[in-house]
Structure formats: C-alpha cells, structure tokens
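Knowing the structure of chain A, use the given hints to seat chain B on it.
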Amino acid sequence: MSGRRPVAVLPDVLANQIAAGEVVERPASVVKELVENALDAEATRVFVDVEEGGKRLVRVVDDGHGMSREDATLALERHATSKVRTADDLGAIATLGFRGEALPSIASVSRFRLVTRITDEDAATEISVDHGAVESVRDAGAPVGTKIEVRDLFDSVPARLKFLKRTATEMSHINGYITASALGYPHVHFKLTHNGRTSQDLPPAPSLKHRIHQVLGGRVTDHLWEVWLDEPIQIRGFISEPTFTRTNQSGVHTFVNGRAVKDRVINHAVVSSYGNLLERGRYPYAVLYVHVPPDTVDVNVHPAKAEVRFLERGLVHEAIVGACRTTLASTPWAERGTPFYAPQGASGSSSAVTLRDSAFSDRSAVAAAAAPVSSVAPELEVDTLTPAGKPRFFSRMKVLGQADKTYLVCEGADGLHVIDQHAAHERVGYERIKSGYCTSRLAKQQLLLPLQLDLTAREDAAARAHGALIERLGFDFEPFGGTTWQVMAVPAVLAAANVERLLRDVVAELAELGTTTVAEARMDLLFSTMACHSVIRAGDALNEQEIRALLESMDDADLGANCPHGRPVSVTIPFTDLARRLHRT
Amino acid sequence: MSTLELEIERNAFLSTLYKAQGVVDKKSTVNVLSHLLIEPSSDGLKLTGTDYDVVLEAALDARILHGGLACVNGKSLFDVMKSLDAPTVHLKVLDTHWIEVKAGRSKFKLAGINPTDFPEIRSPDEVVWFGIPHGTIKDLIEKTAFSVSGDETRMNLNGVFFKLDPSEEGRATLTMVSTDGHRLSKVETTVEVGGYDGQPYQAIIHKKGVQEMRRLLEDDVEHIEVGFARGYILFRSRGTTFTVRQIEDTYPDYERVIPPDPDSRIVANRAEMIAAIRRIAVLTSSKTSILKMELADGGMAFTTSNPDYGEGRDEIDVTYGGEPITIGFNYVYLLDVLNVLRSEMVTLSCNDAFSPTVITSDDEPGARFVVMPMRI
Numbered sequence: 022m023s024g025r026r027p028v029a030v031l032p033d034v035l036a037n038q039i040a041a042g043e044v045v046e047r048p049a050s051v052v053k054e055l056v057e058n059a060l061d062a063e064a065t066r067v068f069v070d071v072e073e074g075g076k077r078l079v080r081v082v083d084d085g086h087g088m089s090r091e092d093a094t095l096a097l098e099r100h101a102t103s104k105v106r107t108a109d110d111l112g113a114i115a116t117l118g119f120r121g122e123a124l125p126s127i128a129s130v131s132r133f134r135l136v137t138r139i140t141d142e143d144a145a146t147e148i149s150v151d152h153g154a155v156e157s158v159r160d161a162g163a164p165v166g167t168k169i170e171v172r173d174l175f176d177s178v179p180a181r182l183k184f185l186k187r188t189a190t191e192m193s194h195i196n197g198y199i200t201a202s203a204l205g206y207p208h209v210h211f212k213l214t215h216n217g218r219t220s221q222d223l224p225p226a227p228s229l230k231h232r233i234h235q236v237l238g239g240r241v242t243d244h245l246w247e248v249w250l251d252e253p254i255q256i257r258g259f260i261s262e263p264t265f266t267r268t269n270q271s272g273v274h275t276f277v278n279g280r281a282v283k284d285r286v287i288n289h290a291v292v293s294s295y296g297n298l299l300e301r302g303r304y305p306y307a308v309l310y311v312h313v314p315p316d317t318v319d320v321n322v323h324p325a326k327a328e329v330r331f332l333e334r335g336l337v338h339e340a341i342v343g344a345c346r347t348t349l350a351s352t353p354w355a356e357r358g359t360p361f362y363a364p365q366g367a368s369g370s371s372s373a374v375t376l377r378d379s380a381f382s383d384r385s386a387v388a389a390a391a392a393p394v395s396s397v398a399p400e401l402e403v404d405t406l407t408p409a410g411k412p413r414f415f416s417r418m419k420v421l422g423q424a425d426k427t428y429l430v431c432e433g434a435d436g437l438h439v440i441d442q443h444a445a446h447e448r449v450g451y452e453r454i455k456s457g458y459c460t461s462r463l464a465k466q467q468l469l470l471p472l473q474l475d476l477t478a479r480e481d482a483a484a485r486a487h488g489a490l491i492e493r494l495g496f497d498f499e500p501f502g503g504t505t506w507q508v509m510a511v512p513a514v515l516a517a518a519n520v521e522r523l524l525r526d527v528v529a530e531l532a533e534l535g536t537t538t539v540a541e542a543r544m545d546l547l548f549s550t551m552a553c554h555s556v557i558r559a560g561d562a563l564n565e566q567e568i569r570a571l572l573e574s575m576d577d578a579d580l581g582a583n584c585p586h587g588r589p590v591s592v593t594i595p596f597t598d599l600a601r602r603l604h605r606t
Numbered sequence: 005m006s007t008l009e010l011e012i013e014r015n016a017f018l019s020t021l022y023k024a025q026g027v028v029d030k031k032s033t034v035n036v037l038s039h040l041l042i043e044p045s046s047d048g049l050k051l052t053g054t055d056y057d058v059v060l061e062a063a064l065d066a067r068i069l070h071g072g073l074a075c076v077n078g079k080s081l082f083d084v085m086k087s088l089d090a091p092t093v094h095l096k097v098l099d100t101h102w103i104e105v106k107a108g109r110s111k112f113k114l115a116g117i118n119p120t121d122f123p124e125i126r127s128p129d130e131v132v133w134f135g136i137p138h139g140t141i142k143d144l145i146e147k148t149a150f151s152v153s154g155d156e157t158r159m160n161l162n163g164v165f166f167k168l169d170p171s172e173e174g175r176a177t178l179t180m181v182s183t184d185g186h187r188l189s190k191v192e193t194t195v196e197v198g199g200y201d202g203q204p205y206q207a208i209i210h211k212k213g214v215q216e217m218r219r220l221l222e223d224d225v226e227h228i229e230v231g232f233a234r235g236y237i238l239f240r241s242r243g244t245t246f247t248v249r250q251i252e253d254t255y256p257d258y259e260r261v262i263p264p265d266p267d268s269r270i271v272a273n274r275a276e277m278i279a280a281i282r283r284i285a286v287l288t289s290s291k292t293s294i295l296k297m298e299l300a301d302g303g304m305a306f307t308t309s310n311p312d313y314g315e316g317r318d319e320i321d322v323t324y325g326g327e328p329i330t331i332g333f334n335y336v337y338l339l340d341v342l343n344v345l346r347s348e349m350v351t352l353s354c355n356d357a358f359s360p361t362v363i364t365s366d367d368e369p370g371a372r373f374v375v376m377p378m379r380i
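Each protein sequence line maps, in turn, to chains A and B.
Per this note's numbering, the very first residue in the first sequence carries number 22; after that it's consecutive.
Per this note's numbering, the very first residue in the second sequence carries number 5; after that it's consecutive.
Derived from the structure by calculation, the hints contain no laboratory data.
Certain hints may be false.
[To be verified] Ranges of calculated distance between the beta carbons of each label pair, as one might list FRET restraints:
no., chain 1, residue 1, chain 2, residue 2, range
1, B, Ile329, A, Arg493, 21 to 29 Å
2, B, Asp169, A, Pro471, 52 to 60 Å
3, B, Glu259, A, Glu573, 53 to 61 Å
4, A, Ala424, B, Ala279, 43 to 51 Å
5, A, Asp545, B, Ile278, 33 to 41 Å
6, B, Pro123, A, Arg493, 46 to 54 Å
7, A, Asp545, B, Asp201, 51 to 59 Å
[Claimed, not checked] Reference excerpt, derived from the structure (chain A facing chain B, CB under 8 Å, subset only):
no., residue
8, Val155
9, Arg159
10, Ala161
11, Ala163
12, Leu469
13, Leu472
14, Thr477
15, Gln507
16, Ala516
17, Val539
18, Ala570
19, Ser574
Ideal Cβ placement from N, Cα and C applies to all residues, glycine included.
The shape of chain A in the complex, shown without the other chains:
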C-alpha cells in the first residue's frame, strides 16, 4: 500500500506562508499592504525605504495612530484585524486593509520587525519575528506611529524567490504603487527611497491638482481637464484631451472610494467615452475618483484588492462615460487660455482646500459609510474652465489662407492653427450624419428568417437583465426557450452587417461590463465612412467664404479634436514656438 497521508490541520506558520503566496506576491505587495495600513492609521507621513528592489529591505514608517502592545501582538496573528468585526462589516468596507492576513503572512516569509506607539503610552512596543516565529516583544523608544521593517523577503521560500524579477522591475512596481497611493491621498507626505537614494518625495499637496502635478509632472497636467459629477454617483478627477495620449492604459489612474484599483469597467468607460476622438491604439491619461456607497461595491474579490466588483456595473459605467463626455464636449483645450495648473498663490480666486477637507482624502468622509453618497460633499476647488456651451473657437480665428490646397492656415490668439480641411469637414459631416441618424434610429429591418443564437448561461442572464438596452439599440431580441434567443429585427443601418457576431459581442459585453458600446462603435464606423465620402478632400481649392463656413461648422460640431478616422484635425504652432525658432528670444 502506498503512503496514504492522513489529513491534518496545517500549522499556523505554514498556513501563513500559503496565505503569503496570495497576499504577498512580490516586494511591491509588501509595500502596498504596509502603506495601506499606514493610511488606514490616518498617517500624514508615509516614508518608504527599500533596498535591492525590496528583496533585501522594505521599511515603512508612518506617523499614524499606532497600536497598543496588545493590539500589536494580536495583529501578527492571522485574521486579526481592527477593521472588520462581523460578516456584516464586510459588506461595507471603508478602510483599505481589512483581511487581517497581511502582517502575519509577511512575517512568515521574512525577518520582520515592528515598532509602534500610541499617544496614550509612553513606551513603544517592538516585536521581532523570524519567519513566523516571534523572537521578542519588548519596550523601545519611538515616536507615535508605526515602523515596520521587512528583511530578506522570501529567502525561506525559494519557489517564490525564483520568480522575483530584476530589481528594476520590482522598483517599477513599487514606484507605481506609491504613485497611485499619492494620487489617492494628496494630503499625505509620501517619500520613497531606494538604496538610500530618494526616488519620490511628495510633500502634502494643498489640492488634488497639485498632487497630480507633483506626480505626473507639468507636461501631463497641462493637458488634463476636470471631470465632475454628483448624481447618480460621485465622480471627480481629470482626463486628458483627446490628442494627448499614450499607447497603453498605464496613464489611467482610477480610485474607488479612495482605493487605487485596476478595474475593467472603469477603464473601459473612460476609454470609450472618447469614442472615435482617440487615435486608434492610443489611450488617454486620467486620474479619476469614483465614490459609491460602500455597500454597492465588493472589494473583497481578490487578496491583493486591486479589483473591485460593483453591484450596478452598468450604472457606474454610464455615469463615468457621461461625466467624461461632458468634459470632452466642452473642448476646454480649444481655448488654451487657462492652463490647468497655476502655481498656488498666483491666482487669488482659487480657494485652496485645507488638507483634511478634500473629499478624496478625508477618511472620515469615507468612513461615513452609512451616509448617502451625496452627503460626501465635494470640497475640491472648481477649476476656472471655459463654461460649457457653444465655443466660438475656430470661427473667431483670422483666416490667413489655404496651403497646398490641403491645409487651412489661421491665426488665433496664441499662435498659428493649421487645419486639415478634409479631416475637419469629415468631422463635421460625421456629427451631422450621426445626429440625423439619432432622430431616425428607430427604423428596424424585420427579419423574414429570424436568427437564432445559443447563449451561455451568463450571456443569457445578461440579455434578460438588459433587454431594454438591447431594444434601444434597435434589435428585437427575444428568448426562444432555454438559453436560445431569437433575433426578429435589426437596426436598419446595420441591416447589412454581420448581425450574429455583432449581437454576440453586445451580449458578451453586457455580461462583462453591464453595458455595451460595440453596437454604437459599429455605427460610428459606418457614419465615419459615410462622412468621409461626402466631404471635401485634400486638393480641393477653397475660397475664403468656404473656409469661413467650414470654421463655423467646426464650432457647431461639438467635439473638435480628431477626424472620425482618428487623425488629428488641426495642429497649433504657438507664437512662443515661432519666436524661439526664429531666435527672437
């Protein structure tokens, strides 16, 4: 008989090591867990020192409220947490950490030292743990707050050690996390050093805008524009103009109730709000804060807590798209008059918020979990953006002429504007066709031979839940027994399309995101093709009246940045650039 092994309860140390595999994937996760604890302890200073990309040392020092000796000892036991008491609490988590797994897990795979003191106690408590075994608990001298050192991470777990990446890679993860935390907590002083050299030093910022400037730099912040929504959910933040983009989504920073997340629904909403304003394969920059009542979001999806699950995904998605579109539609960048970032003090009008007033940083606001979202009052200063309304940007410019029968050269307040006449007219034509379609969108081609689709159980559920949305898109889509559905009619404009694939994409997206944009994207593509064939082209000579008329219709079409095929419509050559290039300065 081969050795049949009896089932045994795992010793705590081993259980912690296994949990460590989930919670602590790499040095950056240690940083994340410790920084989250510091932020939960209401620290205003979080200093992080790492050596060798965190493999040799991660040290996090905060000035938060610290722990009593009793609490500190308990904190090193698994599932010991001050943040969740009952299962009900899990339904409304307002703190960053809550699982009570982090400290014991980290301590089980490293040489661990914790020094902490609360205001009420004179002496600090120092606890040393060597790979899960408590070595000593003693008094120490230290200021109020907590210091945690994690040395030689994973050296007892060769399997994990082997998978750690190069120091540079680990550092980029750590830097990324500190950046995200800093954006979430503008009033907190973050500092990160690596092997003794300062990598990031972000003193408390008087406002979110300043923090963004600190973190992302002026080059980015000059191109960010404010997003603002109160109902049905609260959204704050900034997104970039459509021409200021990058090739991946790493410029999109999103926060749900203060927690930095990488959430598919939010990211998709941000990107899709641009529609075809974005060049193909380009993604915007965004720093976006979404506030929802804690009981409508599940953050307990993954041990690392980077993912969240919304109760009403569709609602969140639509709200974000709506908020971003409002900003995009007002094309604030067209004026360029008000730079996004003006040094504090220079403008007397801006009422800088005090550190703890910011809705996004005030943990008491986050903690007021039971209160409805609308009571979490926004305190961020309102940027002096161009008010929404019909901008008179292009038509106000002085027409200098047409170049190469392709480009319109105009003089604006701040520089020369060179407009691609085809791209511009195409954009105008596109908006016209699209709005024309919207008034007649209900036309449906009925099917003589209805189309049957077999859906998965998940898609079936999504189709049932979002029947009204699918109908709004122009499809007659009905259950046909089991998870089979029948298409009875399709939107007239898409009658020639591959209906089956389109509807499958729609349903899959509904199942995934709770909303859908593929059908509209398909229509957009169609409109842009129609627009492309009905407008002036490069090489057409235009007289001044024609140029004027085009500029005016460009102002009437609300989104002015890119042609529907994703090429920019115009470029601006600032006079300052000309002056520099002609050595006038």
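Just chain B, lined up with the frame of chain A:
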C-alpha cells in the same frame, strides 16, 4: 523538354477566355489562381482555371504543333487576345515558361509560370447530366440571384437553392430559391428536361458559381447542360464546363415563411411603380434606403422624410379597397423585384405593416417574391 506550340482561331479563343475571367481571381493571394492552364487534348486544346469554389474547364479546337503545357495569367492573355485583329493566333511556350503570342504582325511575350505549380483538379465522378432549356434556366437565375445573402456567417444562405422534382408526363418541376433573411425569391416552373430520369435532385449553388455560370447564358444555345454530382453542381455549354462547389448545408424551410393567403391585394403598374420609387429614392438615406408606402383607397404613395435632405411624395393609381395603411420598406428590395419581373402589372399582397409582403405577377405565375417590411 517539350514545349507547347499551337495555332488557334482568335474569336473562339477570346470567347472562352471571357468566360474564364471571373474564375481567374485577380485579387487572390495565391498567384497561381490568377493563371490558366493550357494543355493539348485529344481533339484540340483544354483550358483550366479555378478559384477553388468554381472550376472552369473548356475544350477548344486548335492545331497542336508541339505537345506540352503552359500556365499563363488569364487576365493578360484575355487582354492581349482582345487587342489582336488577326483571325489566327500562334502560341509558343519559351524555355522560361513565358509564352510567345504571334498574330499578324503583332508579337507578345507573356509572363508565365511553371505549369506543375497549377493545382491538381479532381473532377467529380458520376455526374448525372440534364439538358435544361436556356430560357428557363436564365429566367430562374435572373429572378433569384439578386437576393442571395452576403453574410458569411449564414453559410446556407450564401447560395441559390435549386431542385428538380418529377412532374407529370416525364417533365420536371424546377425550383430556384434565394434569401438573405430580409427577403426571399422563389421561382418554380415545369418544363421538358433532356435526359431527366424522374428522380428528385437538389443543391445549394454557391453564389460565386451562380455569378460565373451567368457567363454561359450569354451563349446563343437551346439548352444548358446541368450536372449533379456528389458535392458539386456542373454547368456546361459549348464545351465550357463550370464545376461549382455545393454548399453542403440544409436550406431553410422557405415555404413556411411565404404567407399563404394575404388579406389585401394591390394591383399596380410595374413601370409606374419603379418610376415613383426611383424619384423618391433620391431623397433617402444611402445606408438605410427607407421609404414609406402609403396605401389608401385606389392609390399608393411613396414618401420619404430625411432631416438631411428633405421630404418627398409620389403617388400612383392602384386597385386597392382596404383600410389605409403605411408600410416601411428598403426601397432597393422593392426595385430589385420589380426589375426582374417583365409583366405590365404586378400584384402586392400583404396583411399589415409588420408581416411579409408578397409580390407576384399574373404573367409569371411561378415567381413569388417576399419582402419583409421595415419597422419605422
């Protein structure tokens, strides 16, 4: 190495090359598919071309001076042949697989490729051939080819359904049907079929094959030979054969979607209807092609309203005694039907604005066209 050399009559060669033009795929990524294989046969010359869906094989009279094979771009050979004015053409394969073409005082060297690169064509075995009157098959195809589906996810609709059923006195009933899911065309006729064995036959002919075999219909012949084989359907006229892949799928139950006995019948003048629709179509959106057909006592009106272009209305007299109704249509679907009918008057039958409308003509009793309305 033997190289092909031959003399051929220019007009006959040109007319065969014309039939091959649809098969030699100019856009194919497989270069050899834009080529024709030329080889001697027992009584002259054999020409082969394929795009995998359709194979063309043509036999021609020619004087073979030297045996061998040639493989040459079908389009350039056709273009050169078309430009020549001498009655006889002399072809000779050169060492490089290029082909020298001489006629009168003209001389060309056409780029050719190695004939061994040409794909092997496997002819279907056990073909059952029938002779179908030229006019009959032409009518069937003209009245159905336009409503084949282009949606490649609905494979079974990507072709024309064709069947032969026994009728009385040894004759056969031929049925051809096509549908794209929005509309359906069905034509049925009973004729004398040469060599008919009284068995039922059916096939879905790939739309590409339908397109190509139409070139055969330009021949002035009494019969087109149609062959059924496993997986293929063949069309032959004057030594040229198209072998077309069948779509091996089940065709939808088309009888079920043809409404048996609609409530209202409207008789309209076909030419007047076409003219009215064309006028109104000027102002319809190019993507949706929607117009409204308003029916009232004795009159039919077509209207369009489009925020971009404006509005239009055109009326014709019809026989109609029912309640006034308005039905939305893709006007292209209506025109397609009206254009393939030949009679002076047509009959529209419908129940309401949501169910299929049937178009027929008393002079062409076997033809029924079903158009699904738009919901507006």
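Quick rundown of the hints versus the structure:
Here the CB-CB span from Ile329 of chain B to Arg493 of chain A is close to 26 Å, well matched to the stated 21 to 29 Å. In this structure, Asp169 of chain B and Pro471 of chain A break the distance hint of 52 to 60 Å, their C-beta atoms being roughly 28 Å apart. Against the hinted window of 53 to 61 Å, the Cβ-Cβ separation of Glu259 of chain B and Glu573 of chain A comes to about 59 Å, which satisfies the hint. For the hinted restraint 43 to 51 Å between Ala424 of chain A and Ala279 of chain B, the CB-CB distance of approximately 48 Å keeps it satisfied.
Range check, Asp545 of chain A to Ile278 of chain B: Cβ separation about 35 Å, and the 33 to 41 Å hint holds. Checking the proposed 46 to 54 Å range against Pro123 of chain B and Arg493 of chain A shows it holds: the Cβ atoms sit about 50 Å from each other. A C-beta distance of roughly 57 Å is found between Asp545 of chain A and Asp201 of chain B, which places it inside the suggested range of 51 to 59 Å. Using the Cβ-Cβ criterion of 8 Å, the hint placing Val155 of chain A at the interface with chain B is not satisfied: the shortest such distance is roughly 65 Å.
Hint status for Arg159 of chain A: violated, given a least beta-carbon distance of 73 Å to chain B, over 8 Å. Hint status for Ala161 of chain A relative to chain B: violated, with the closest Cβ pair at about 72 Å, above 8 Å. Evaluation of the Ala163 of chain A hint against chain B yields a violated restraint, the C-beta minimum of about 69 Å exceeding 8 Å. Here the hint on Leu469 of chain A is kept, as its CB sits about 4 Å from the closest CB of chain B, short of 8 Å.
With its C-beta approaching chain B no nearer than about 7 Å, Leu472 of chain A sits inside the 8 Å limit, and its interface hint holds. Checking Thr477 of chain A against chain B: minimum C-beta separation of about 18 Å lies over 8 Å; hint violated. Look at Gln507 of chain A: its Cβ only gets to about 12 Å from chain B, farther than 8 Å, so that hint breaks. Because the smallest distance between the Cβ of Ala516 of chain A and any Cβ of chain B comes to about 7 Å, under 8 Å, the interface hint for this residue holds.
Against a cut-off of 8 Å between C-beta atoms, the interface hint on Val539 of chain A is violated, since the closest Cβ of chain B lies about 16 Å away. Because the beta carbon of Ala570 of chain A sits about 17 Å from the nearest beta carbon in chain B, more than 8 Å, this interface hint is broken. Evaluation of the Ser574 of chain A hint against chain B yields a violated restraint, the C-beta minimum of about 14 Å exceeding 8 Å.
Of the numbered hints stated above, those contradicted by the structure are hints 2, 8, 9, 10, 11, 14, 15, 17, 18, 19, listed in ascending order.
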